[in-house]
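Same order as they appear, the protein sequences are chains A and B.
Quick note on numbering: the first sequence equals residues 1 to 166 in my numbering.
Quick note on numbering: the second sequence equals residues 167 to 559 in my numbering.
To be clear, the hints were calculated from the coordinates, so they are not data collected in a lab.
Incorrect hints may have been included.
[Stated by the list, open to error] Pairs of lysine to aspartate or glutamate residues, derived as EDC-like cross-links and limited to a Cα-Cα distance of at most 16 Å, are as follows: (1) A:K79 to B:D293; (2) B:K200 to B:E225; (3) B:K356 to B:D511; (4) A:K79 to B:E172; (5) B:K508 to B:E399; (6) B:K517 to B:E493.
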Amino acid sequence: MRALQAWIVAIVLRVVHAALVELRVLDSRVAREFERMPDGLSYAIATGHRGPTLFVKWEGGKLKRLAELEAPSCALRIKSMPLSFRLFTGQMGLSQAYARHAFTMGGEVADVMRLARLVNLVEAYLFPKIMTRRIMTDVPETEVCFLRAYARIAVGFLTCKYKLSR
Amino acid sequence: MVPYFEFQNAVKLLCGELSLERISIELELMGASKPLMMSDAVLAKIGTLETVVKAMESEGLSPAATFTDIPVDSSLAVVNKIAAFYREQGCDSIVAVGGGSVIDTAKGVRLVLSQNKEDILSLSGLDNLVRGRHVPFIVVPTTAGTGSECTGVAVIRNDENGVKMEFLSPYVEPDAAVIDPRMTAGLPPKATATTGMDALVHAMEACTCQQANPLSAAYGTAAIRMIAENVEEATRNGSNKKARFAMALASTMAGISFSNSMVGAVHAIGHALGGVCHVPHAVAMTILLPHVMRYNLSHCGAAYAELLPWLVGADAAMATPANKRAEAAIDAVVALGRSLKKICDIPLTLKEAGVSTESFAKVAEVAVNDGALIVNPRAADEAQVIEILNAAY
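Using the sequences and the hints, build the whole thing.
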């Protein structure tokens with residue numbers, strides 16, 4: 001069961017990165033968050049004990065996915081795989097995860113808040129409202145049809161757009 | 167009921183008469199003999215610090231060193247400077263005497279020392295620290311409001327960007343807190359009123375935010391009742407020992423409550439007003455509470471309704487129709503603020519606090535990045551924060 005959860009979480013983490021890249025183009029609020037993001041800001045997201053990870057860095061106007069990150073600006077560690085699975089499959093929002101002590105964080109709280117706003121927007125596009133209403137106090141409206149986001153992400157994966165950066 | 171919650175309060179509370187005289191034995195039991203006394207210049211000048219030192223010396227323990235140059239709005243640099251001073255002086259423990267700024271600074275110093283670091287900036291985060299070296303640490307609050315003596319968070323200003331940074335870890339909690347009525351006896355009426363309202367905000371946000379849980383609510387509701395019953399009397403008649411002690415206890419209980427369930431938008435916006443416009447924290451809390459409650463009403467009306475009996479008493483709450491209780495809770499908070507204003511002329515609007523509307527955009531930008539906002543019952547973006555600020559103007 002844990003292996004299956006880890007496998008799904010690994011896929012969702014890749015999709016989250018892809019969605020952030022695409023929504024920066026499609027959604028003005030996501031674009032604004034990135035405009036305000038300091039160059040070099042990086043996030044490390046670790047899930048459970050030796051679970052899948054996502055390392056991303058905002059650098060030179062691009063959100064790069066990295067194989068490793070030595071000193072991330074903000075390091076989130078989800079405390080267990082079941083919690084990670086809930087968080088990344090639309091069963092628990094980031095604010096709920098915070099309220100339920102689901103993760104530890106090294107770095108500035110302000111950077112978590114920035115990430116929380118971005119994740120909320122990503123979830124508004126990726127998950128149906130029937131799910132997002134249960135995990136957010138207020139679900140943001142999508143600026144474009146969610147299918148456009150899905151289509152761009154699919155094309156991006158087919159063209160290897162989200163490969164690891166050096 | 168929340169599906170999961172955590173609750174921790176490891177602080178030993180020494181409450182009531184002659185509790186200052188017990189500090190020496192508590193330090194001795196923790197193996198400490200060379201405490202660093204931390205306070206601010208005002209408390210040193212008016213003799214509050216001396217009262218504590220004399221009580222300690224009467225029981226055979228003298229401070230190894232004293233640091234009183236802690237500003238009202240302390241910073242990371244001050245924390246690092248005091249940690250270096252502690253090491254130079256060969257101290258082995260900390261006794262902090264003061265309000266929120268002194269206590270949070272002391273928490274930061276303790277964190278730097280116990281984690282064996284030079285710079286507190288490297289320790290920022292949430293539940294991310296391993297237990298370090300034990301540095302015996304006692305706090306003596308001199309206001310009845312912050313509740314900081316019992317919280318697992320230190321809020322310290324980063325001078326580089328003006329942002330109040332949060333250090334959230336169970337290891338910032340002191341070993342003991344001394345709640346002695348002598349410490350708040352000389353608190354001026356305005357400070358009594360606003361710090362009392364600060365404690366009320368702690369309790370009310372703790373009971374209504376997304377992280378609220380049955381244990382935090384037990385402390386929070388008890389604190390609300392004690393504040394509602396005593397804050398006016400403590401403000402009007404500062405020599406009323408019973409009211410003073412009740413407020414001190416209520417503040418501590420509210421601190422335990424919000425330390426285990428967080429706060430919300432009042433604090434997020436209040437921190438930003440402090441960082442950007444230098445509005446004193448307790449004043450910002452007093453002004454913002456009713457406006458944030460109105461903003462949150464659509465999302466947590468039932469929770470506000472449940473607080474009404476604690477604010478106005480069971481009989482008055484029962485006499486209020488069930489569908490009017492949430493609004494009545496807001497009205498009760500507004501009435502309490504007005505009553506305190508009549509007694510000692512505290513500011514109830516941002517205009518009265520000297521805030522300019524031109525600063526609202528910057529305040530909103532900072533507020534949405536404050537961790538307290540993440541558990542507020544209703545999400546808020548910058549435009550919505552500005553709406554709240556306009557309402558409070």
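Verification of the hints:
1. Under the criterion of a C-alpha separation no larger than 16 Å, the hint pairing K79 of chain A with D293 of chain B is consistent with the structure, at around 11 Å.
2. For the hint pairing K200 of chain B with E225 of chain B, the CA-to-CA distance comes to about 14 Å; that is within 16 Å, so the pair holds.
3. Our distance criterion of 16 Å between C-alpha atoms is met by K356 of chain B and D511 of chain B, whose separation comes to about 7 Å.
4. For the hint linking K79 of chain A to E172 of chain B, the alpha-carbon distance of about 14 Å falls within 16 Å, and the restraint holds.
5. Between the alpha carbons of K508 of chain B and E399 of chain B the distance comes to roughly 13 Å, so the proposed pair stays at or under 16 Å and holds.
6. A threshold of 16 Å between alpha carbons decides the hint, and for K517 of chain B with E493 of chain B the separation of about 25 Å lies outside it, so the pair is violated.
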